[in-house]
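Chains as they are written, first to last, in the numbering used here: chain A, 49 to 268; chain B, 49 to 268; chain C, 32 to 285; chain D, 2 to 246; chain E, 2 to 246.
No wet-lab data here; the hints were simulated from the structure.
Some chain C residues flagged as far from chain A (calculated, every beta-carbon gap over 12 Å):
no., residue
1, Glu71
2, Pro121
3, Tyr180
4, Val194
5, Asp254
6, Glu267
7, Asp278
With the C-beta cut set under 8 Å, the calculated list includes, among others, these residues of chain B facing chain C:
no., residue
8, Val124
9, Gly219
10, Tyr232
11, Gln233
Each residue gets a CB set at the ideal place from its N, CA and C atoms; glycine is no exception.
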Amino acid sequence: MPDVLVQYDTEIIQAIGETFIMVGASVVAAIVVGLPLGTLLYMTHPQKPMENKLLYQFCNTLVNIIRSFPFLLLVVFCIPLTRLIVGTAIGTTAAIVPLAIIAIAHYARLVEQSLLDVPKGVVEAAQAMGASRWQIMTKFVFVDARSSLILSLTTSIVSFISYSTIMGVVGGGGIGDFAIRYGYQQFKTDLMMYMILIMIILVQCIQLAGTFLARTLDKR
Amino acid sequence: MPDVLVQYDTEIIQAIGETFIMVGASVVAAIVVGLPLGTLLYMTHPQKPMENKLLYQFCNTLVNIIRSFPFLLLVVFCIPLTRLIVGTAIGTTAAIVPLAIIAIAHYARLVEQSLLDVPKGVVEAAQAMGASRWQIMTKFVFVDARSSLILSLTTSIVSFISYSTIMGVVGGGGIGDFAIRYGYQQFKTDLMMYMILIMIILVQCIQLAGTFLARTLDKR
Amino acid sequence: GDEEATTNDKATTEEATTLKVASLIPPMTEILELVEPQLEADGIDLEIVVLGDNVQPNTALAADEVDANFFQHKPYMEEFNRNNDANLVPIEEIYFANYGVYAKNAASIEELPEGATIAIANDISNVDRSLALLAQHNVITLGEKTDVYYTEADVIDNPKNFVFKTVDLLMLARMYDDADAVVMTPAYAAPLGLTPKSDALLTEGIDNDFAITLVAREDNQDDAAIQALAEAMTSEEVRQFLEENYDETAIPAF
Amino acid sequence: MIVLENVHKAFGKEVAIHDVSLHIPEGAIYGIMGPSGAGKSTILRMMNLLEKPDSGHVIVGGRQLTTATTLQLNAARKSIGMIFQHFHLVANKTVYDNIAVALSLADVPKKEHATRVAEVLAYVGLEAHAKKYPAMLSGGQKQRVAIARALVTKPRVLLCDEPTSALDSNTTSGILQVLAQIHRDFGMTIVLVSHEVAVIKSMCTHVAILEQGAIYKTLDITPTGITASDNTAESFVRALQEDHV
Amino acid sequence: MIVLENVHKAFGKEVAIHDVSLHIPEGAIYGIMGPSGAGKSTILRMMNLLEKPDSGHVIVGGRQLTTATTLQLNAARKSIGMIFQHFHLVANKTVYDNIAVALSLADVPKKEHATRVAEVLAYVGLEAHAKKYPAMLSGGQKQRVAIARALVTKPRVLLCDEPTSALDSNTTSGILQVLAQIHRDFGMTIVLVSHEVAVIKSMCTHVAILEQGAIYKTLDITPTGITASDNTAESFVRALQEDHV
Ligand SMILES: Nc1ncnc2c1ncn2[C@@H]1O[C@H](COP(=O)(O)OP(=O)(O)OP(=O)(O)O)[C@@H](O)[C@H]1O
Ligand SMILES: Nc1ncnc2c1ncn2[C@@H]1O[C@H](COP(=O)(O)OP(=O)(O)OP(=O)(O)O)[C@@H](O)[C@H]1O
Ligand SMILES: [Mg+2]
Ligand SMILES: [Mg+2]
Numbered sequence: 049m050p051d052v053l054v055q056y057d058t059e060i061i062q063a064i065g066e067t068f069i070m071v072g073a074s075v076v077a078a079i080v081v082g083l084p085l086g087t088l089l090y091m092t093h094p095q096k097p098m099e100n101k102l103l104y105q106f107c108n109t110l111v112n113i114i115r116s117f118p119f120l121l122l123v124v125f126c127i128p129l130t131r132l133i134v135g136t137a138i139g140t141t142a143a144i145v146p147l148a149i150i151a152i153a154h155y156a157r158l159v160e161q162s163l164l165d166v167p168k169g170v171v172e173a174a175q176a177m178g179a180s181r182w183q184i185m186t187k188f189v190f191v192d193a194r195s196s197l198i199l200s201l202t203t204s205i206v207s208f209i210s211y212s213t214i215m216g217v218v219g220g221g222g223i224g225d226f227a228i229r230y231g232y233q234q235f236k237t238d239l240m241m242y243m244i245l246i247m248i249i250l251v252q253c254i255q256l257a258g259t260f261l262a263r264t265l266d267k268r
Numbered sequence: 049m050p051d052v053l054v055q056y057d058t059e060i061i062q063a064i065g066e067t068f069i070m071v072g073a074s075v076v077a078a079i080v081v082g083l084p085l086g087t088l089l090y091m092t093h094p095q096k097p098m099e100n101k102l103l104y105q106f107c108n109t110l111v112n113i114i115r116s117f118p119f120l121l122l123v124v125f126c127i128p129l130t131r132l133i134v135g136t137a138i139g140t141t142a143a144i145v146p147l148a149i150i151a152i153a154h155y156a157r158l159v160e161q162s163l164l165d166v167p168k169g170v171v172e173a174a175q176a177m178g179a180s181r182w183q184i185m186t187k188f189v190f191v192d193a194r195s196s197l198i199l200s201l202t203t204s205i206v207s208f209i210s211y212s213t214i215m216g217v218v219g220g221g222g223i224g225d226f227a228i229r230y231g232y233q234q235f236k237t238d239l240m241m242y243m244i245l246i247m248i249i250l251v252q253c254i255q256l257a258g259t260f261l262a263r264t265l266d267k268r
Numbered sequence: 032g033d034e035e036a037t038t039n040d041k042a043t044t045e046e047a048t049t050l051k052v053a054s055l056i057p058p059m060t061e062i063l064e065l066v067e068p069q070l071e072a073d074g075i076d077l078e079i080v081v082l083g084d085n086v087q088p089n090t091a092l093a094a095d096e097v098d099a100n101f102f103q104h105k106p107y108m109e110e111f112n113r114n115n116d117a118n119l120v121p122i123e124e125i126y127f128a129n130y131g132v133y134a135k136n137a138a139s140i141e142e143l144p145e146g147a148t149i150a151i152a153n154d155i156s157n158v159d160r161s162l163a164l165l166a167q168h169n170v171i172t173l174g175e176k177t178d179v180y181y182t183e184a185d186v187i188d189n190p191k192n193f194v195f196k197t198v199d200l201l202m203l204a205r206m207y208d209d210a211d212a213v214v215m216t217p218a219y220a221a222p223l224g225l226t227p228k229s230d231a232l233l234t235e236g237i238d239n240d241f242a243i244t245l246v247a248r249e250d251n252q253d254d255a256a257i258q259a260l261a262e263a264m265t266s267e268e269v270r271q272f273l274e275e276n277y278d279e280t281a282i283p284a285f
Numbered sequence: 002m003i004v005l006e007n008v009h010k011a012f013g014k015e016v017a018i019h020d021v022s023l024h025i026p027e028g029a030i031y032g033i034m035g036p037s038g039a040g041k042s043t044i045l046r047m048m049n050l051l052e053k054p055d056s057g058h059v060i061v062g063g064r065q066l067t068t069a070t071t072l073q074l075n076a077a078r079k080s081i082g083m084i085f086q087h088f089h090l091v092a093n094k095t096v097y098d099n100i101a102v103a104l105s106l107a108d109v110p111k112k113e114h115a116t117r118v119a120e121v122l123a124y125v126g127l128e129a130h131a132k133k134y135p136a137m138l139s140g141g142q143k144q145r146v147a148i149a150r151a152l153v154t155k156p157r158v159l160l161c162d163e164p165t166s167a168l169d170s171n172t173t174s175g176i177l178q179v180l181a182q183i184h185r186d187f188g189m190t191i192v193l194v195s196h197e198v199a200v201i202k203s204m205c206t207h208v209a210i211l212e213q214g215a216i217y218k219t220l221d222i223t224p225t226g227i228t229a230s231d232n233t234a235e236s237f238v239r240a241l242q243e244d245h246v
Numbered sequence: 002m003i004v005l006e007n008v009h010k011a012f013g014k015e016v017a018i019h020d021v022s023l024h025i026p027e028g029a030i031y032g033i034m035g036p037s038g039a040g041k042s043t044i045l046r047m048m049n050l051l052e053k054p055d056s057g058h059v060i061v062g063g064r065q066l067t068t069a070t071t072l073q074l075n076a077a078r079k080s081i082g083m084i085f086q087h088f089h090l091v092a093n094k095t096v097y098d099n100i101a102v103a104l105s106l107a108d109v110p111k112k113e114h115a116t117r118v119a120e121v122l123a124y125v126g127l128e129a130h131a132k133k134y135p136a137m138l139s140g141g142q143k144q145r146v147a148i149a150r151a152l153v154t155k156p157r158v159l160l161c162d163e164p165t166s167a168l169d170s171n172t173t174s175g176i177l178q179v180l181a182q183i184h185r186d187f188g189m190t191i192v193l194v195s196h197e198v199a200v201i202k203s204m205c206t207h208v209a210i211l212e213q214g215a216i217y218k219t220l221d222i223t224p225t226g227i228t229a230s231d232n233t234a235e236s237f238v239r240a241l242q243e244d245h246v
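Put together the whole structure using the sequences plus the hints.
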């Protein structure tokens, strides 16, 4: 192993761990909140099962507002909320809050779009069977859109990794921040290159896994 | 108009102009290069009209590598290229190069995914008529996927606006950077809020226009 | 110059306390690392919180998230206090970061061509500082200070029509190739192999307000742990460290 | 049992259904015929309110669907089976799951699913294809899955939109026999949209003929019954060599 | 004209086509029949190589498609029209554009498009629907658009997969008359997959009957000709009241 990696090995391992925590939490937020929010956006669209202009515009504007913030300022804006939730506004745990919020907005938008590509007939079949809205989504629409939802999540995760690199602002750490701090600010170019390599490998693995899973589950 | 806006009016107008230039150039790059790249990703997928594992993996890895870089470091990495293309590495024009590169990778990924949702039958109909690959895409697949492609572009543009806020590092300017520099770093909170409001309005307009256009063009 | 560390009544701390100090980059972080063992001997567990932004260390300090920070000069801190109703207080000036002007293709400021581009940092206090440095050496003339800071608008005389390009602090060093001249701190010049002593066309020297200072809050400024930290940071060991590793770059201010 | 009262439906400026009233008695097998584009599918889709009439009422089993709440409508739809003209199978579900989902929506306990799905798959002759996905099926096989899905819950009302359009006459008579059998056993009401005169004649007791969105005529007829099916290639040879088709 | 030599096709472990050889003479109207799932669509789709056989050869108009380059294959396909069992219309193109795109792929000058599209739309009785999108059409209307799209380029070979499955007998005979007319005028080769014995009998000179992926029998028959079409509601009444169908 190259000297520079040996020299910084504990820091690097810690940074990798921090990235996993931040991105992992974002993924959880994206799935637990972003997926339902995106589903609501889809459902309340005109001519969709829960058509509702007001609710649609509310959710739509909410997502837009979150996505409008320069990410740095979103982090700053979240500080009071972060403090409320995790008790502190600095450190890896604290970084999770703004990351999770942007993750939710980001994935919700892609979910909405994936669901809009589901053929009308699938929804009609569900409605004809008397499926509730919940059943229409879980038993029909999600099933039909599953490979698309997985590809969207994959794309989102890669974006989350990218967002996490900015979390150095509030001491979030992570590989990206490590690369920026040591490699870029302190001109340890070789160290920076190794960190970027780690990120490339990470992204490549996630993308390959996502593409593979999506392709396997796509029976259309 | 609030005093603080009057005081900074020329700077604000300039910042808005810079944002438009940076985002506009990204959009052009996304359409001119990202769309073909995403199309190539789709075409070379297994069981798609130009199935080619090697070419697919090449493009896929390329997109992944770009998307792996912490955005700040991508900006730095691009400096030699930027200098080559626009003659300088600082200023709004220079900011366009890294922004365009990330825009290309970002939109290519969403294009790939949108096209994967096109029903097989559409491609088969084209193939049965002896359509060339170019014709399969332009006369059939893009037509079927057009609303999805527009929604993807809309999502991408909103992301580009977000990316453009980081371009202060190379003196790119723009509303987001203005909000960060004057509003956040100089604690002019009211100014910052106005800038964020401008960004929210901008994003909201783009999203509304995109959603409207996509819905109008969707005849499925 | 600022007040010296005041006399301390309580000389000892009985139990181990944790002291969180926010900082940004070397040599700031290195100084903190250097004094860590000494504080540990005093029963103080020093935790260095590295942040990546010029505002958050103050925000965190004001919000009691950290006990002190070490990254800024006094004017910057005062500006923060003014705008955020904060009560940050300077504890101890540690070193002068000797701001300087560097140029790749000019050996002196006179050699810079008419209309040359000068890259300066884009945050307002550093814009002020960069312009002040140039004014100090009569390269430009600044008018009356209308606001807290000088901005480009305050340049009333610019005989050689220099063009100022603002870029991120982190980007300054990279502009060495691009701009005709760069105004930056030694910390950013060092990786390019540049030192204020031998390469800078102009330097700020030490006769200014811009010493990097240990900062705490009004309510904890007298805490034994803070005082112990201030003491450790002004030790001979630190002075020696700075003189050996940052000659002319970080000039001890104590 | 199924009553349409002055239902009217326009798509943009084009009127698809002009003020149609129709009364379908409980337990009937009711045929709907008419040329392509006459409005057969539209009128059938109104019977479970997939197509909302612009005016008029739809009453199924005594329930006013047109004024029902979503909850009431869902409840009513659970007892109305539908075979779509374009099948509308879920592409990412296997044949088995496409059928089983209808059972789980009808609150049939999970442990009964396997036997009931196997039963309907046997009816439509697809026992061997349970694990396939729709994209792996031939046109007629897809249609038979759609039939199986509608039958599996034994609904009180069965709406069939061209249920045998993709099937050869032997497979068709097989399916029709199953329908007739289920009708005998459960006495459900069947509405059968078909362009095949033979199908209507063999099954229906009542027929409505549509033309340009209006009822041209309703007839009461005596079903001729279904001739035995013989699903072999030889039957095609015989049919081709017969003088009359 | 169309020769299949020992073509074989398996989907996974399931063999869909077992070593089939078939010779379709130039200018023939060749019927393919067989029960649902027999392999009719698969074999038809091999004739323009949409389905690539695992082994064997496909020769159309003297060209070996199985060994052709993409360019050669595309050229060959331009003279082979196809009507898909599931239509495969482009959902975001109007009826007009769905048909016109076939013309532009066949390099027909743009200025001829309007008249030629109008002509085929008249053939299939959809003049009034040119500006509609497929989602606004009834099942039979969609099928007729698919037919019009295949006919508009006047291809040398026409592959039809259940082209009239969604059409009532009157519309069917109208379409068949158009096919017969075009066949008389241009002498193209038509391969007609159908489960309707009447359709095959009225048109075809040769028939192959498939069973489980193999040819059970080929027959030469004399087409009975198409009985005049009468596309009114009254004709349904008459048909229902006739004794024999
Ligand atoms: N969404 C729509 N927008 C516009 N017109 C429509 C729409 N749906 C149906 N139509 C029109 O309404 C008429 C009736 O359609 P419907 O599907 O009920 O016909 P059908 O009798 O089922 O015909 P087929 O036997 O061909 O299936 C047709 O002319 C069709 O073009
Ligand atoms: N992609 C596939 N994967 C697996 N099996 C397939 C696939 N495509 C077709 N088959 C199987 O191959 C057999 C022949 O299918 P084909 O579509 O050729 O039938 P067909 O004669 O056209 O029937 P129909 O009259 O019902 O359209 C069927 O049993 C079908 O299930
Ligand atoms: Mg219909
Ligand atoms: Mg078939």
